[in-house]
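There are 2 protein chains.
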Amino acid sequence: MSPETIPELDPVIHSQVRLAVLSILIASESAEFGYLKERTGATDGNLSVHLTKLEKSGFVLIRKTFSGKKPLTTVSITEKGREAFEKYLKTLEQIVRSEKSK
Amino acid sequence: MSPETIPELDPVIHSQVRLAVLSILIASESAEFGYLKERTGATDGNLSVHLTKLEKSGFVLIRKTFSGKKPLTTVSITEKGREAFEKYLKTLEQIVRSEKSK
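Those protein sequences? They're chains X and R, same order as listed.
For the record, in the first sequence the residue sitting at position 12 is 12 according to the numbering used here, with numbers rising by one throughout.
For the record, in the second sequence the residue sitting at position 82 is 82 according to the numbering used here, with numbers rising by one throughout.
There could be a bad hint or two in this list.
No copy labels: a pair is met if it fits in one copy or bridges any two.
With a Cα cut of at most 25 angstroms, we get these calculated SDA-like pairs of lysine to any residue [stated by the list, open to error]:
| no. | residue 1 | residue 2 |
| --- | --- | --- |
| 1 | K87 | A27 |
| 2 | K90 | E38 |
| 3 | K70 | P7 |
| 4 | K53 | R97 |
| 5 | K90 | L61 |
| 6 | K56 | H14 |
| 7 | K69 | K90 |
| 8 | K37 | P7 |
| 9 | K70 | S57 |
| 10 | K37 | L89 |
| 11 | K37 | E8 |
| 12 | K70 | P3 |
| 13 | K87 | G45 |
| 14 | K37 | T73 |
| 15 | K37 | T52 |
| 16 | K69 | S57 |
| 17 | K69 | A84 |
| 18 | K37 | T5 |
Source of the hints: derived by calculation from the structure; they are not laboratory data.
These numbers come from a predicted model, not from an experiment.
Construct the complete structure from the given sequences, taking the supplied hints into account.
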């Protein structure tokens, strides 16, 4: 009998920056681009790429508005993103405790 | 005042396969190459690359012996690997709970 294959982590979430972004959004629903940049330590370009990837997966919504004349980018988590994040954490727990629970 | 930058996850551990390998070794001290292959679902070549990376970081020891005429590769975790894994989990917890604990 073969031992069970360890479940796969969602590659969209399993990235330092994207995991951090989702963790922030899980708790605060939405956040400004500048705030996410400071918290993650990512550059503008790098953060943009990660946000686009999350948006394409339907995990976040990106809204561009203005605060006076200043452009404002607000990122919020979707229900799908919330579910994917919870599933990711469960899978992670399963991997990390993989042998102990057997 | 700037918000705190989220801590960085050890990139050597933050990989689906390497995380799975270390999780197994944390619980069972050592494991055969074939067993790790089945559990992770990785190919021979892919698993070898990941194990070499873990070995170069001093996180695992790879020992090649024979079981009769059959070559046997045994991988075991080092104290450094154990510490790095524990630190990784703590950092992960910090990221995932980053906003909630503030």
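Going through the hints against the structure:
| no. | hint | in the structure |
| --- | --- | --- |
| 1 | K87 with A27 | both (16 angstroms within a copy, 23 angstroms between copies) |
| 2 | K90 with E38 | between (28 angstroms within a copy, 21 angstroms between copies) |
| 3 | K70 with P7 | neither (44 angstroms within a copy, 30 angstroms between copies) |
| 4 | K53 with R97 | between (29 angstroms within a copy, 22 angstroms between copies) |
| 5 | K90 with L61 | within (24 angstroms within a copy, 29 angstroms between copies) |
| 6 | K56 with H14 | both (15 angstroms within a copy, 23 angstroms between copies) |
| 7 | K69 with K90 | neither (43 angstroms within a copy, 42 angstroms between copies) |
| 8 | K37 with P7 | between (31 angstroms within a copy, 13 angstroms between copies) |
| 9 | K70 with S57 | neither (28 angstroms within a copy, 46 angstroms between copies) |
| 10 | K37 with L89 | both (23 angstroms within a copy, 23 angstroms between copies) |
| 11 | K37 with E8 | between (28 angstroms within a copy, 14 angstroms between copies) |
| 12 | K70 with P3 | between (56 angstroms within a copy, 21 angstroms between copies) |
| 13 | K87 with G45 | neither (28 angstroms within a copy, 29 angstroms between copies) |
| 14 | K37 with T73 | within (11 angstroms within a copy, 44 angstroms between copies) |
| 15 | K37 with T52 | within (14 angstroms within a copy, 34 angstroms between copies) |
| 16 | K69 with S57 | neither (31 angstroms within a copy, 50 angstroms between copies) |
| 17 | K69 with A84 | neither (35 angstroms within a copy, 47 angstroms between copies) |
| 18 | K37 with T5 | between (36 angstroms within a copy, 9 angstroms between copies) |
Hint compliance for this structure: hints 3, 7, 9, 13, 16 and 17 are not met, and every other hint is.
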